[in-house]
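Q: Going down the list, the protein sequences come from chains L and E. 13 is the number of the first residue of the first sequence in this note's numbering; add one for each residue after it. 88 is the number of the first residue of the second sequence in this note's numbering; add one for each residue after it.
It is worth saying that the hints were derived from the structure and are not from the lab. For every residue, glycine included, the Cβ atom is placed at its ideal position computed from N, Cα and C. Hints are supplied without guarantee of correctness; some may be wrong.
On the chain L side, residues computed to face chain E include the following (Cβ under 10 Å) [to be verified]:
hint, residue
1, 41
2, 53
3, 131
4, 135
5, 197
6, 215
7, 287
Far from chain E, by Cβ distances over 10 Å, these chain L residues were calculated [claimed, not checked]:
hint, residue
8, 31
9, 126
10, 157
11, 226
12, 261
13, 271
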Amino acid sequence: MEGSAEAIAIRLGRTAVDTRRASILAVYVIWKRDVIRYWRDRVRLVGALAQPLLFLVILGTGLASALRGAGGLGGLDYQQFMYPGIIGMAVLFTSVFSAMSIVWDREFGFLREVLVAPIDRSAVAIGKALGGATQATVQGLVLLVLAPLVGVRLTPLAVLELIGLIFCLSFALTSVGVAVAARMESMMGFQFVVNFMVQPAFFLSGAMFPLTGLPGWMAVLTRLDPLAYGVDPIRRVALGAGGLPGPLLDRLSLTIAGEPVAIWVEVVVLVAFGLAALSAAIWSFRRRA
Amino acid sequence: MHEDQPPGWAVETRGLVKTYGKVEAVRGIDLTVRPGEVFGFLGPNGAGKSTTISILCTLIEPTGGQALVGGIDVVRDPGSVRARIGLVFQDTTLDDQLTARENLEFHAFLYDVPRSERRRRIDRVLEMVELGERAGSLVRTFSGGMKRRLEIARGILHSPYVLFLDEPTLGLDPQTRNRIWEYLHDLRRREGITIFMTTHYMDEAELCDRIAIIDHGRIVALGSPGELKGMVGGDVVTLRTRDDRGAAEEIGRRFGLEPLLDSGGLRLEVEDGASFVPRLLRELSVSVDTVTLSRPSLDDVFLKLTGHAIRDEEVGARDRMRAMAGRWRGARGRG
C-alpha cells in the first residue's frame, strides 16, 4: 500500500495539465480520427465519383445539346463550363456531411469522450473543421481525374492552384457545417439543413449557369453565397489553363458592380467566411455542457 | 514536496444540491471517499446517483453546496479536476469505427500522456483487461463486455486519481460482471486508484469497501457492507405458512416481534436465528410450509431504511430497453 500512496502523491504532484498543449494535441488527434475514418471508408471515395459523373455525363450532355441550339455560351462547351461547378458540388456535399458527423458522434456518445477531456472546447471545432476540410479537398481533387473526359487540359501549376482554392473552399464550407452541427441535437435537423442551406447554396453558386444577366434579387443572393466565391476561381483556373481566352472567361465570371472579382479577393472572402463560421462554432462548443 | 501530499479525501461533498426547476434531484449530500477505496453509490434509478456523479465529473454544476475531487473544487477549477479523473459512462462512448488501440491513442492525446509513455501505457492497460490480442480489431466487432472492458482501460490510461464508473456492469451477463469486478479490484491493488461507482445491483455493492445508500436525493446510510448489515440487527427469518396473517398475529403476541408481511411471505428479524427457528416451529400453532434463515443482505438494509425494495422489476425493464437500443444503434452504425 505504501507504493500506491506514493503513486497517488506523484500523480497529484503533476501540475495542472497544460491546457494549451493538450488542446493543440487534441486538434491534431481529432483531425487524424476523421482522416482514418475517411480512409477506411474508401467505398465513399469511389462512390463520390458516381454522382458528379452522372451530372457531367447525362445532365451535361443534355444541357449542352439544348444550349448549342440556343446560341450556347459564346463558344464554350457547357460540359466544360459545368465541370468546375461539379467540383464545387462535391466539396459542398463532403464538407457538410463530414461536419454532420458531430451530430452522429453526439448520438452515439463519442462526443462525450471529447467534451469531458481537459482541453479547450475550441480544439473540437478546429479539429473537426480541419478534418472535414481535408476530406472535402481530397474529394474535390479526385474529380480532377475527370478533366480529360470533358476536354479540360490542366497544367501542373493549375493543379497546384486548384489544390489551394479547393482547400480554402472546403475550409469555409466545413466551418459553416461545424457551426450548424454544434447546435444541432439530432439527425432530424440534418434533412432540414440539406434542404434549406445546401441545395440553395448549390443552385445559387454559379455551378450550373453563369451568374451574369440575372434578375436583381437573384444576383444579390448569388453574391451572398460562399460557394460562388469558390466555384468562380476554380473555373477560371481550370478553364484558363486549358487556353480559354480571358475575355470569354471574364464574361462568365462572378462580377460585383460590373467588374470581375479578382481571385485573391475571392480567396480572402472564403477564408474570412470560414474564420467567422469557425468562431461561431467555437462559441457554441464552449457554451454547451 | 509537502504540498504534493495526498489530501485527506479523494472525494468530498458538503451539502450538495441540484434542482431542475421544481424537481430536487439531489437534496443535500455529504460524503467523503478515502484515497484508494472502492466506494459504491447504491440506489434505485432516479435516486440522484447519476446527477451526483455528473457533478463530481464537472459535467453539470451543482445548485448549491460544494464538491471536491482530490481537494480541487469542481466548480472553481473543472479543468484540473478533469485531468485527474477517469470516466466510464453508462452508455458506450467508444468510436466503433476505430480499433481498440486507436481509441486509446485518441484518448492519450486528449489527456497529453507523454509520448515516451504512450505506447507502454496503452499496452499495459490493454493487457490488464485482456484485450491485448484484439488491439488491432475494430471496436464494432467487440461484444458488449469487451467494449466495457476497453472503456475501463481507457478510463485509467492517463493514470487518474479517481475513476468514476456509472453503472459499469449494466446490461452485462453475470460472468462478464464478475470479470469486470476482478479488473476493478486488480486495478485498485496495482494502481492505488480510488474507485467511485454507482450501481443498483445489491450483490455488487457487497464488493465495495464502503457504500452510500441514496434514496430520493438523500443519503440514508453510509458505511461498509458489514456495518450496514449490522443495522438490520441479527438474522432474517422468512416463513411461508398456511395462514400468513394469522401467523403474523400469533408471532407478535407470543414472541413480541413485528413480522413484515409481503408477497414473499413473513419476514422476521431475530438476534439468534439458529436457536429461534426450532422454538418457533415448536410453539407456532399455524402450520409452516417453508422456513429460510439468512444473514441480512443489503436488500434487507435498503428495505429497512427506505421502507421499499430497490425496484428491481422496473430496472430490469429499463436494462432490456437499453440493450435493445444498443443493438439497434449498433446495427445502424454498421449499415
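Q: If a hint holds in the structure, say so; if it does not, say that too.
A: Consistency of the hints with the structure:
Interface hint at residue 41 of chain L: satisfied, since its Cβ lies 4 Å from the closest Cβ of chain E, which is below the 10 Å cut-off. Evaluation of the residue 53 of chain L hint against chain E yields a held restraint, the C-beta minimum of about 8 Å falling below 10 Å. Interface restraint check for residue 131 of chain L: the shortest CB-CB distance to chain E comes to about 6 Å, inside 10 Å, so the restraint holds. With 10 Å as the threshold, the beta carbon of residue 135 of chain L comes within range of chain E, its nearest partner Cβ sitting at about 9 Å, so the hint holds.
A least Cβ separation of about 16 Å between residue 197 of chain L and chain E goes past the 10 Å threshold, and the interface hint is therefore violated. Evaluation of the residue 215 of chain L hint against chain E yields a violated restraint, the C-beta minimum of about 30 Å exceeding 10 Å. Restraint check, residue 287 of chain L versus chain E: the minimum CB separation of about 25 Å is more than 10 Å; hint violated. Look at residue 31 of chain L: its CB is around 6 Å from the nearest CB on chain E, not clear of 10 Å, so calling it non-interface is violated.
Remark: the non-interface label on residue 126 of chain L conflicts with the geometry, its nearest Cβ contact in chain E lying 7 Å away (cut-off 10 Å). Non-interface status of residue 157 of chain L relative to chain E is upheld: no Cβ of that chain comes within 10 Å, the nearest being about 27 Å off. No beta-carbon of chain E is positioned within 10 Å of the beta-carbon of residue 226 of chain L; the least distance is around 42 Å. For residue 261 of chain L, the non-interface assignment is confirmed: its Cβ lies about 43 Å from the closest Cβ of chain E, beyond the 10 Å cut-off.
Listed as a non-interface residue, residue 271 of chain L keeps its Cβ farther than 10 Å from every Cβ of chain E; the least gap is roughly 48 Å.
Going through the hint list in order, the structure does not satisfy hints 5, 6, 7, 8, 9.
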